Amino acid sequence: MSDARRRGLGLALALPPVVLLAVFVGIPVVLAVGFSLGHVGGLNATIARIGTDTRVATSWWGTTQAWADVFADPRFVRDLVVTVGVTVVSTVVVVATSLGIALNLRLRGGRLATAFAGLAVVPLFIPVVIASWAITTFYSSDGAVRTAAALVGLDGPTWSYSVTAVVIGSVWTSLPFATLMASSGLQAVPDAMIEAARDAGASTASLVVRVMLPLAAVPVVIATTFTAIGVLGQFTVPYFTGPNAPSVLGVDISKYFQSFDRPQESVVMAVVVFVLASGVGAVYVGTAFRSAQTAGRA
Amino acid sequence: MTSSPSLSSARASSAPDPAPSSRGVAGPPSLAVAGLTKRLGGRTVVDALDLSLQPGELVALLGPSGCGKTTTLRMVAGFLEPDAGTVTVGGRDVTALGPDRRPSAMVFQNYALWPHLTVFANVAFPLRLRRLPRAEVTERVTAVLEMVGLAHHARSRPAQISGGEQQRAALARAVVQEPDLLLLDEPLSNLDAQLRVRVREEIREIQQRLGITTVMVTHDQEEALAVSDRVAVMNGGRIEQIGTPSDVYADPATSFVASFIGSMNVLAGPDLASARAAGVAGPSAGPAPDETWAVRPEHVAFSPRAGGPAVVRRVLPHGHVTELVLGVDALELRSVVTGEAPRPGDQGDVALRRVRHYRAGLLVGDGHGGGGR
Amino acid sequence: MRALLLGRRAATAVLLVLVAVFVLGPLLWLAAHAFATRWTYPSLLPDGLTLHWWSVVLEDAQLGAAVRNSLYFAPLTVLVSAVVCLPAAYAFSRFDFPGRRLFLVGLFATNAFPKMGLFVSMASLFYGLHLMNTVAGVVIVQFVGTVVFMTWIPAAAFSSVPRALEEAARDAGAGPLRTFVRVTLPLALPGVLVAVLMSFLAAFDEAQGTYLVGAPVYMTMPTEMYSLVLNYPKQVAAVFAILLSIPSVALLLLARRAVLGGRLAEGFQIR
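Residue numbers (this note's numbering), protein chains in the order written: chain V, 245 to 542; chain E, 24 to 396; chain C, 22 to 292.
Extracted from the complex, chain V is given alone in its bound form:
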């Protein structure tokens, strides 16, 4: 088959999911961004009518008035800070934990290490809805934590319906994927590299920092960015486990649309999250491409 025909065939085979996503995700994204800028015609007409205080576009590219409204609202700014904070803390905890488990598995091995890794993967198979509800009841005022504390005469903390529970829930649900990434990345580091470093006199700490992590950089970056993107926009975990105020943006988006009848502001927040998530995603893409290039795959 000639090169041109091969290219054509490849393109044809790859198009179906791309087209489907372009229609069912791409168009809504474009609509959303447009609506946030005040374009209320066409498919945006219905939600524009439902909403109260919808800002309409004043020029060809739209208006920033809706954006100004949102950013002027102190509750939004507070929620934005909380969202970013929860994301950062959760991501750090997840990456640290998954790296610890993966390094332990790689360097020490044995049944204990496998047990850790196995535990970390369990949440993968529990639906997020269930997980959120389970965590809420576990850390609630009559939950297991307080019950255990009461047994020894202490007054245990109630973390449910607080930002702490959101972090706990985010860590719980993100741990499996990050652990899988980290452990397979570290398993791929050849024994010979580790032995050479030890032979040259490296302590475990140097070995990890100077040899293993650089070699496993891409999967670790993947774990970090996927976790961050996932936590940034999540809805279910904070909906069940978090407080009414402050809430994270994922919940706000739903609240502003369904409860407050302010779809445009809801969409502005969605775009804000999208921009943040894309920024994180760009880090992943950049790293992955650079590593592919140095490995000769690009």
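Keep in mind that the hints were calculated from the coordinates and are not lab data.
Note that the structure is predicted; figures quoted are calculated from it, not measured.
For each residue, glycine too, the CB sits at the ideal point set by N, CA and C.
Hints are supplied without guarantee of correctness; some may be wrong.
Claimed, not checked - Computed far set for chain E versus chain C, every beta-carbon distance over 12 angstroms:
1) Asp123
2) Glu162
3) Glu225
4) Leu339
Stated by the list, open to error - Reference listing, derived: stretches of chain E covered by chain C, where coverage requires no fewer than 3 residues with Cβ under 8 angstroms from a Cβ of chain C:
5) 128-139
6) 145-153
Unchecked claim - To give an idea of the interface, some chain C residues facing chain V are shown, with a C-beta separation under 7 angstroms as derived from the structure:
7) Val44
8) Phe124
9) Val270
Given chain V, work out where chains E and C should sit, using these hints.
For chains E and C alone, kept in the frame of chain V given last:
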């Protein structure tokens, strides 16, 4: 060293393509490649290659890496589309056909046995594709497995058998198709040295018994000389010389072929002139300034004599022969002797029995005294 | 020296217990509630054990319908996803065409937009296309979450099949489709199965979009869970939670070796 010679003058000075003596009636060629050209990554990897094989003969494509031999083979097999030229098998132009429609069968360098199938299933695969009746498939596969000595491994998986056995399985899979053309891609390069000698003879024996026209790609000149009817020495995308192993060894048409086949002492004019002055005996006519001389080690004769101009620098035993590294002034010559060998430090005379003269890479003279052949 | 080793062992054991409590604690606590008559704080055990709540759930028609819907939509979505995405995965793996990298990254980028915000605009689109409250609409919504798994992971699996094996099949006389079916697919199957597994979980757990498009006509288990939690006693939610987890856990046990292998990480490298 010197630049690549032009095809036509090189071919003109070598022997005409002989019909294979080992078998077959000389008739229409089994494989005819005409003007085959391929450019990859801005480089012309195969340059207007012509080649034709008579039925039943084994031709080796021999050359260093990058000379285009594997690319040529893959174009014959159908995995690569040539930029120009045609491939004709058994009188039929197959250039436009994919590898599945061509009457050729290939043995891959790393065997490419399917790990999820048994040896039997691997060999039966092409027959089952053609929807042959089960009894016939079993019969043919069993016969071929017995021929290559793998009948006892029919139910094993590729991972469970040795490298040599995997190679035979790959060969069986190709041969069971009863192809018009058998293509071997460096079949021995993954085997260890001793196995290589044995396996190459087995391959040759099977090929001759079945009379299948075969093209074998290799970078190992010893292997090519040992099993082929003809050897095509390739360099820079072209065939520099094609001929029987003895022709190519004894009469290399270009300096590239001379230094690639067997071992060769290559002497440029000024060095040799100074050696002549020191007393090395050779052809009566001295070297022209732009000439290169090539002398096989077996044609460098060392006779011990105290006070002679040459001195034995090193003695390298190779078991069946002994290689001597001789020094005459700044010139270093290699010689081979059988039987008793001199010792390092011995002095003696050196005579060059047969010298081939090359100018600009092309053969211009032979033996004692100049002139063409 | 001995003391240090013992100390380290003890520390690791304590750590293991902490991690086990962190991961398994909430699940066990919730599961216990499914069998509790009542559970008064601060007792460590329920007041009594009963299967009463199970009959409440299993006899509830609405909940039963939700279970059936989940088991209908998720496999259907995975099937649609496989048919649409596997050829694309093969193309990403074996062909070089303009826009290949762009599409690959683009498919992943669709995950970056927060689902809730997406569904708001999706609603407008679905209304316009008359897909609200239809089977096709629900399938599409669940499909979107499976695309990354069904393209990236199989693409890596296909790439790991050595080309020589495919060439050998072509040389033996197999056309491109036969080569794919007999050589490429069997060898890439573990990776494809991981992709199928992850896609099933994604489709099965999909709640917000399904709620938006499907309610009130098509309720699945996750969407039902939202209202359950708010309107029923804890024990009912606990029973439902166990039911909802059964397919996932069953798949976990069947596929744990495949998932714990290196396939998942391989799937997310860009080539």
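Right, here's what the structure says about each hint:
1. Asp123: 5 angstroms, violated
2. Glu162: The assertion about glutamate 162 (chain E) holds, with a minimum of 18 angstroms to chain C.
3. Glu225: At roughly 21 angstroms from the nearest Cβ of chain C, glutamate 225 (chain E) sits farther out than 12 angstroms, so the non-interface label holds.
4. Leu339: 39 angstroms, holds
5. 128-139: That given contact holds, which follows from 10 residues of the stretch 128-139 of chain E lying within Cβ reach (below 8 angstroms) of chain C.
6. 145-153: holds (count 4)
7. Val44: 5 angstroms, holds
8. Phe124: Holds - the Cβ of phenylalanine 124 (chain C) comes within 7 angstroms of chain V, reaching about 5 angstroms at its closest.
9. Val270: Result: holds, 6 angstroms to nearest chain V Cβ.
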